[in-house]
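Kindly produce the complete structure, drawing on both the sequences and the hints.
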Amino acid sequence: MSSALDSRKAPTRQPVSRGWAATASVLRLRELPVLIALSVLVIVTYLINPLFLSAQGVKDLLLNATIIMILAVGQTLLIVTRNIDLSVGSILGLVAFGTGSIFAAMPNIPIIAVFGIGMAFGVVLGAVNGILVTVAKVPALVITLGTLYVFRGLNNAWAGGKQYFAGDRPDAFGGLSVDTFLGFPIITLVAVVVVIAVALYMSGTRAGRDLYAIGSDPEAAKAFGIKVSKRVLLAFLANGALAGLAGVLYASRFNSVGATTGTGMELTVIAAAVVGGVAIFGGSGSVTGAALGALLLTTITSSLTAVRVDKFWQQAIVGILILAAIIIDRLASLRTAKKLRISEARNV
Amino acid sequence: MSETTTPTSNAPAPEAPLTRSPSTTPWRKTRTAKLLASRDAITIYALVAFLIYASISIPRFASPVTTGFLLLDVIPVLLIAMPMTLIIITGEIDLSVASIAGLTSATMGVLWAGGMNIWLVLAVSVLVGVACGMFNGFLIAVLGLPSLAVTIGTLALFRGLALVTIGDNAVANFPKPLTAFFTSKLGATGIPTVMIGVLVVIIAFGVLLHFTPFGRGLFGMGYSKEAAAFVGIKVARSKFWLYVASGAVSALAGIFWTLRYTSARSDNATGLELAVIAAVLLGGVSIFGGKGSILGVLAGVLLIGSLNYALRLGRVSDVVLITVTGLLLILSVVAPSIGSAIRGWRHTRRVRRSTEP
Amino acid sequence: MQQTDSTRSGPLREEPALTLIHAAKTFGPVVALADGTIEILPGEIHALVGENGAGKSTLVKILAGLHRPDSGDFRVAGESVQFRSVGDSKEAKISVIYQEPTLFPDLSVAENIFIGRQPKGRFGLISRSAMVKEAARLFERLGVPIDPTRIAEGLSIADQQIIEIAKAISLDAKVLVMDEPTAALSGVEVDRLFAVARSLREKGTGILFISHRFEEVFELCDRITVMRDGRYIATHQTVDVTVEEIVKEMVGRDIGALFPKTEAEIGGVVLEVEQLSRAGVFKDISFQVRSGEIVALAGLVGAGRTEVARAVFGIDPYDAGAITFEGRRLKARDPQASITAGMGFVPEDRRKQGLVMELSVARNVTLTLRNKFTTAGLINGAAERRAAKHWSERLHVKTGSLEHPVSTLSGGNQQKVVLAKWLATEPRLLIIDEPTRGIDVGTKSEVHRLISELAGRGIAILMISSELPEVLGMADKVLVMREGQITAELNRADANPESIMHAATSTAGGTP
Amino acid sequence: MMFDRKKSPRSSRLASLVAVTAVVSMALTACGGSGTPASSGEAAGGDATITFIPKQLNNPYTDVVLAGGKKGAKEAGFSSSNVVGPLEASASSQVSFINAETQAGTNVIVIAANDPDAVCTALGEARSAGAKIVAFDSDTKPECRDVFISQVVAKDVALIQTKLISEQIGGSGEIAILSATANATNQNEWIKFMEEELKSNPAYKDIKLVAKVYGDDNDTKSFQEAQGLMQAHPNLKGIISPTTVGIAATARYLSTSAYKGKVALTGLGLPNEMRPFVKDGTVKEFALWDPAQLGYVASFAGKALKDGKITGKAGDTFTAGELGERKVQDGGLVIVGPPTVFNAANIDKYNF
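Chains as they are written, first to last, in full-length UniProt numbering: chain A, 1 to 348; chain B, 1 to 357; chain C, 1 to 512; chain D, 1 to 352.
Warning: the hint list may mix true and false statements.
[As the list claims (entries may be wrong)] With a straight-line cut-off of 27 Å between C-alpha atoms, the simulated DSS-like cross-links for lysine-lysine are:
1. Lys311(A) - Lys221(D)
2. Lys327(D) - Lys311(A)
3. Lys225(B) - Lys331(C)
Bear in mind the hints are in silico, worked out from the structure with no lab data behind them.
Here's what the structure looks like:
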C-alpha cells in the first residue's frame with residue numbers, strides 16, 4: 001500500500017504540458033463563475049427581450065456599470081490589504097458636486113483639467129482616510145464609517161440646496177457619456193483602461209504584489225520588511241483618486257449633482273467586489289474580478305427590468321447573488337483544504 | 001455550590017513545585033482606578049458632561065418633554081445596539097439589522113391589512129426576525145462564512161424581501177390603542193411607557209454579557225476562537241444564538257418603528273445599521289472583538305441621541321449632526337492611539353538620550 | 001543518518017560575518033537585552049542557547065532589523081551598521097528564519113520566495129514563469145518536492161521552513177539566523193534541514209542556530225554561545241564542552257534530572273478509544289488510558305497524533321468509532337461535555353490555543369470553570385477570584401497582578417497558567433500536547449515533575465511529544481503513529497529510540 | 001461590569017476624554033452660534049413663530065417653495081421663521097423635527113409630509129401643545145392638520161398632464177408614468193385622476209398606460225428607471241413624470257440616448273432645470289405652478305390660523321398678501337393657483 005502511495009507522490013514531478021497547464025489555470029480562475037453567470041444572464045435576457053442587446057441597450061448596460069466598476073477597482077486595492085473604504089459614496093458626492101461648481105465658476109475650463117482637479121480632490125479625501133488609518137493605526141472600517149458621515153456633512157454644508165444640472169456643464173463634457181468609440185461609450189473605455197492599468201499593477205509589479213502580502217498576513221509583511229503603512233496609504237490615495245474619477249464621470253453622466261449625490265453607494269461597491277471574488281479579509285481577489293462583479297450586479301438590475309420581473313425582486317436577487325458568491329468561495333476553499341489535508345497526512 | 005468547588009485542602013494540586021520565590025498577587029489596587037479610566041467610562045463622562053452643559057445652556061432642554069422625545073427617538077438604536085454589542089465583542093458584525101426591522105415592518109403591514117389578529121401579527125413578526133437571524137447564524141456560525149460579507153448580502157436580501165412582501169404600499173390603520181400605547185408616557189416623568197420593555201431588554205443583555213458564563217465565553221471568543229474552543233466554549237453555537245437574538249431584537253425594533261410612526265413600509269429603518277454600529281463603537285466596544293460593555297454602549301447611544309436632540313432643539317441643521325457623529329467616532333478611536341504614540345516616542349527619545357554618550 | 005562532523009577543526013581566523021557587542025534594548029521599564037554579544041564567522045554554524053527570557057529573541061530581532069538597539073556596537077563584515085528597518089538587514093545579506101515561518105498564506109510558494117524582488121520580464125512586469133522556474137531550481141537543489149505554484153496555505157511547518165531557507169539561498173545570504181527551526185520538525189525533517197545547513201556552511205554562509213535541543217546543538221554546531229538573563233555568558237568550541245557544562249551556564253546552577261519519573265499506581269481504565277476514524281486524517285485508532293498512567297503518543301509531525309487528541313477531546317469531528325470516558329460514551333464534537341466529564345487538554349500552541357492572551361491571568365484560569373461559579377446562572381465574582389488566586393499561587397504563577405493580561409507573562413509562566421486552568425477543573429484525564437515545546441530547560445523539568453506528580457495522584461495522562469527523550473523518560477506506555485494509524489504499542493520496557501523510530505517511519509529512510 | 005482590558009496608559013485615556021469633550025463642545029458652539037439666528041427674536045413678547053418642515057432639505061424645488069414661505073412669513077408678521085428638516089426624504093425622519101418644534105413652542109408648523117400617516121401622532125402632540133398645523137405641497141391625513149395648501153386642484157394637475165402627453169404622442173400609443181416615491185401623497189392622487197381620465201375620456205381611448213415606476217425623487221434611480229422603461233416597453237411613445245426630479249432625470253436620459261425626440265416626455269418640472277432639454281427638443285411642453293406662491297400662501301394661512309381668523313373649516317377666507325384673498329374649501333383645502341405650461345417660447349421668462 002505504501003509503495004502505491006509513494007509512487008503517487010513521486011518526488012520528481014512530471015513536467016505538465018504547457019497547454020494543459022494554461023487551460024487548467026484558466027479553469028481555476030475565480031473570475032470564471034462570474035463570467036459564466038454574466039454570459040448566461042445576458043443570453044437568457046436577450047432571448048426573452050431582444051431589445052436588451054440593441055445598440056442602445058448595450059450602451060446603457062456598459063454605462064450603468066462604469067462608475068461602480070471604477071469604484072470597485074479602488075475598493076479592491078484596499079480590501080486586498082485587509083482594509084476597506086466605506087466613505088467612497090461620500091467622496092464621489094463631494095467630487096461630483098465639486099465638478100459642478102468648477103464648471104459653474106469657470107465654464108471654459110479644459111475638461112482634462114477638471115478630471116485632474118477631481119482626482120486630486122479625491123486623493124486629498126483618500127489621504128484623510130489613509131493617514132488616519134496608517135498613522136493612528138486604527139481599523140479602516142471604523143475610520144471610514146466616520147468619514148462617511150463627515151464627508152457627507154461637508155457635502156451638505158457646501159452644497160446646501162444648490163444643485164448643478166447637466167445644462168450647466170459644457171456639452172462636450174456631458175458628451176463623454178453619450179458618444180461612443182467603436183461602440184463603447186467613452187467613459188466606459190476610461191473605466192476599462194483603469195481596470196487594465198490597475199490589474200497590471202496588482203499582478204505585475206512588486207508593489208502590487210506587496211499589497212497581497214500585506215492582506216495575507218500583515219504581521220508577516222511587517223516582519224518581512226514591506227513598508228506596510230506606506231503601501232496602505234498609497235492604496236487609500238489611489239482609491240481616493242479613483243473615487244474622484246468616478247465623481248467626475250458621475251457629473252458627466254447624470255443630470256444633477258448636489259448634497260446627496262452618491263449616498264449609499266458604498267455597499268453596492270463592496271458587494272461588487274465580493275461577488276467578483278475579492279476575499280473580504282484580504283490577500284486574494286483580483287481587480288478584473290471586482291470589475292466583472294460590478295458589471296454582473298448592474299446587469300442583473302437591467303435585465304430584470306428588461307424581462308419585466310417585478311422590480312421589487314431586484315434587491316432580493318442582488319442579496320442572493322452576494323451570498324452565492326461567498327458560499328461558492330467557501331466551498332472551493334473547503335475542497336482545497338480537504339485535498340491538502342489528505343495529501344499532508346500522507347506526505348510525511 | 002460555588003463554595004464547595006473553590007479548591008481547598010483536597011485539591012489535587014502539586015504541593016509547591018519548584019519556583020524561585022513565592023509570588024504575591026495583588027488584587028484590588030488597580031481595579032477601581034482602571035474602571036474609572038476605562039474606555040467606556042470616558043463615554044459616560046462625555047454623556048454626563050454634555051447633559052449638564054445642555055441643561056444649562058440650551059433653553060427647554062432640561063424638561064420631561066425632552067426625556068420623552070429623546071428616548072422615543074433612540075429606542076430603535078438602543079434596542080438593536082444590545083445584540084450588536086455582543087456580536088461585535090465576539091469579533092463579528094451584523095449589517096442586516098435595519099433590513100430585518102424593515103422586513104418585520106412590511107410583514108406586519110401585510111398581515112394586518114390581510115385581517116389577521118393584531119397579537120398574532122406581532123407574534124409572527126417576531127418570528128420573521130428570528131428566522132432572519134437563524135439564516136444569518138446558519139451562514140456565519142455553521143458554514144463559517146465571514147459575517148461582514150454575509151450580512152452585506154442579507155442586508156440587500158432582507159430589504160428586498162420587504163419590498164417583495166409589501167411592495168410600495170404603506171399600511172397605516174393599526175389599532176389606535178396600540179399605537180397610542182407606543183407613544184404614551186409614564187405619568188409626568190415624560191418617560192415613554194415602552195421604555196419599561198426596552199429596559200428589560202437592556203438588563204437582560206447586560207446580565208447575559210457581564211454576569212453569565214455565556215458572556216464570559218463571548219469575550220474569550222472575541223480574542224481567540226481557537227483558545228475559546230479548547231476550554232469548551234461552543235463558539236459556533238454561541239454565535240448562532242447571538243444572530244438569532246439580533247434578529248429577534250431587530251424585529252422588536254421594527255415593530256416599535258411601525259407602531260410609533262403608525263406606518264408599515266418596506267423602507268422603514270433604512271440605514272439604521274450604521275447609526276447602531278457608530279453608537280456601539282463610540283461606547284467603547286472594540287471592532288476587533290473582546291472589549292466592550294453594555295454600560296458604555298448605553299452611554300454611546302444616549303450621547304449621540306441627546307446631541308442629536310439638542311441640535312434639533314437649537315434648529316441646527318442635520319449637516320452639523322452627521323459631521324459631529326463622524327468626528328466623534330473617528331476621535332474616539334484615534335485619540336487613544338495618538339496618546340500612546342506620543343508616549344512611545346517620548347520614551348524612545350529619553351532612552352536614546354540617556355544611553356548616548 | 002549523518003555523521004557527526006562537529007570535530008571539524010576550528011575555523012580559520014578570518015573577518016567575522018557579523019559581530020554584535022554589548023547591545024542593549026529596553027522596552028519601557030523592561031530590560032529585554034542587557035548585553036547582547038555574538039560573533040558569527042563565515043562558514044560556521046554557531047549555536048545560541050539560553051533559557052526562555054534570556055534575550056535570544058530580542059537579539060535575533062536586532063539582527064533582523066526589527067528592533068534598534070539602544071546602545072552597542074553592531075558590525076557586518078567589519079562595517080559598522082545601524083539597521084533602521086528589516087530592509088536594511090536584508091540589504092546586509094542577513095536572513096532570519098523564525099520559529100514560526102512567516103509565509104503569506106494566500107500567495108504562491110514561488111511568490112513567497114521572491115516577494116519584493118520578483119524577476120521582471122517584458123515591460124518591466126513580473127515574469128511569473130521565470131519566478132516559478134527559479135523556485136523549482138532551488139527546490140531541486142534542496143532536494144524537496146514542493147510545487148512552486150501552489151499557495152502557501154496548508155503547507156506543513158517543515159515545508160514552510162524549507163521555503164524560508166530557499167528564500168535565504170536565493171537572497172545569497174551571508175548570515176542565516178534560524179530561531180528554533182527544529183521545534184516542530186520530525187526526525188527525518190530535522191536530518192533534511194541539517195543536511196541543507198551543512199551544505200550552506202560549506203559555501204561559506206555563517207549560520208546562527210537557536211535551539212533547546214542539546215543533541216542537535218552538539219551534532220550540528222561548531223561553536224556555542226550561552227546567554228542568561230539578557231546577558232552574554234560565554235562562547236565555547238563545541239568540542240570543548242559537555243551538555244552539563246552548558247546547562248549549568250544557562251541556568252546559573254545545577255538542575256536535577258531532566259525526567260523525574262516517579263512510579264505511580266496504575267488503576268482502572270479512564271479513557272477508552274475504539275476504532276476512531278476520520279477520513280484522510282486517522283483510521284482505526286484504539287487505545288486505553290488508565291488512571292495514574294502516562295500514555296505517550298509518539299510519531300512524526302503530521303502523523304495524526306494531535307488530530308486524534310483533538311477528536312477525543314471534541315474539538316474536531318470524527319467519522320466513526322467510539323470514545324468512552326469512565327464507562328460512559330462521550331458526545332462527539334463537544335469539548336464542554338468532555339470537560340464536564342473530567343477531561344482537560346493542554347494544547348501545543350500556548351499562544352493561540354492554550355490561552356486568551358489579552359485576557360487577564362485570573363480570567364484565563366477561571367475560563368474553564370465558567371459554569372462552576374454560578375448562582376442561579378449568574379457568575380459569582382468573588383468565588384471566581386478566590387479560585388483564580390488559589391490556583392495561581394499553587395502553581396506559583398509570577399505576575400504583578402492577576403488582572404494583568406496573560407500576554408505580559410513569560411512563556412514558562414504562561415504554560416503554568418494553562419496548567420492552572422486545567423488543574424482547577426480537577427480533571428481525571430489530562431491530554432498534554434507537546435508539554436515542553438518552546439520551554440527553557442529550567443521550566444522543562446519543572447513541567448516534567450508536575451506531570452509525574454499528577455500521574456502519582458491518579459490522573460490519567462495522554463501526552464503527545466516529538467521529543468524522544470521525553471517520551472522514553474516519562475511514558476508508561478508508548479503508542480506510535482504513522483500516517484494516521486497506530487503502528488506500535490510499546491510498554492515502557494520495550495520502548496527505545498530504535499523501536500519507536502522504526503514504527504514511526506516503518507520503511508527505513510522514508511524521506512521523500 | 002468588571003471586564004478585563006489591556007492595561008493602557010492613563011494618558012491615552014485622558015487623550016480620548018479631551019478629544020470627546022472637544023468635539024462635543026464644538027458641536028455646542030455650532031449649536032449656540034447658528035442655532036438661534038439674530039432674526040428669530042423669541043423674546044419679542046409672545047410674537048408668533050413659524051417653522052417649515054419640507055420633505056427634505058437641499059432640494060431645488062423645496063428651496064424655491066421655502067424662499068416663498070420665508071417671504072410670506074415676514075410679510076404676514078411672524079417674528080421668526082425657521083426651516084428644519086431631514087437630509088433624506090424618509091417617512092419617519094420628520095417626526096423628531098416635529099417633536100423638537102413642539103417643545104420649542106413654535107406657533108405654526110408648516111409641513112410637507114413624506115408619509116401622510118407617519119407624522120400624524122407627532123402633529124397631534126404639537127396641536128395639543130397649541131401649535132397650528134399647515135400642510136403644504138404634500139398632505140397629511142386631513143385630521144392631523146388645520147389646512148392644506150394645495151398647488152392647484154389635484155384634478156387639474158392630472159388633466160393638464162394627460163392633455164399634454166396626448167398632444168405630444170398624437171392621441172394614441174403606449175405611455176408610462178415615472179413618479180416620485182410610491183407613497184407620495186400628491187403624486188398618487190394625480191396618478192389616480194390620470195388613470196380615471198384615460199379610461200373615461202373617449203379622446204384618450206387609444207392611449208394605453210403600460211407601466212408606473214418610481215424613481216424615489218433620486219436622480220440616479222429615476223435615470224435608471226427611465227432607462228428600464230425604454231427597454232421593457234419597446235413601443236413606448238411617451239412618459240409622464242409628475243415630479244421635478246423625475247422629469248429632469250428622464251429628460252437627461254432621453255437626451256443622451258437614441259430615444260431623443262422619439263419618445264415624448266412631459267410632467268411637472270422646474271423651468272431652470274428643464275431649459276436645456278426644452279431647447280434641445282427632448283421635451284416639448286411641461287407644466288408647473290409657481291412653487292414660491294405655495295410657501296407664500298402657507299405662511300399667510302398659518303398666520304390667520306394663529307390669530308384665530310380662520311379655523312380651517314370650509315368657507316373661511318383670509319388674505320394672502322399680494323396674492324389677494326384665498327378661500328378654504330371642503331376638507332380644509334386652499335388652492336394657490338393654476339398651473340403654467342412651459343415651452344420653448346415662454347421658458348426664458350421664468351426664473352425658478
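Against the structure, the hints:
1. Lys311(A) - Lys221(D): holds, 12 Å
2. Lys327(D) - Lys311(A): violated, 43 Å
3. Lys225(B) - Lys331(C): holds, 21 Å
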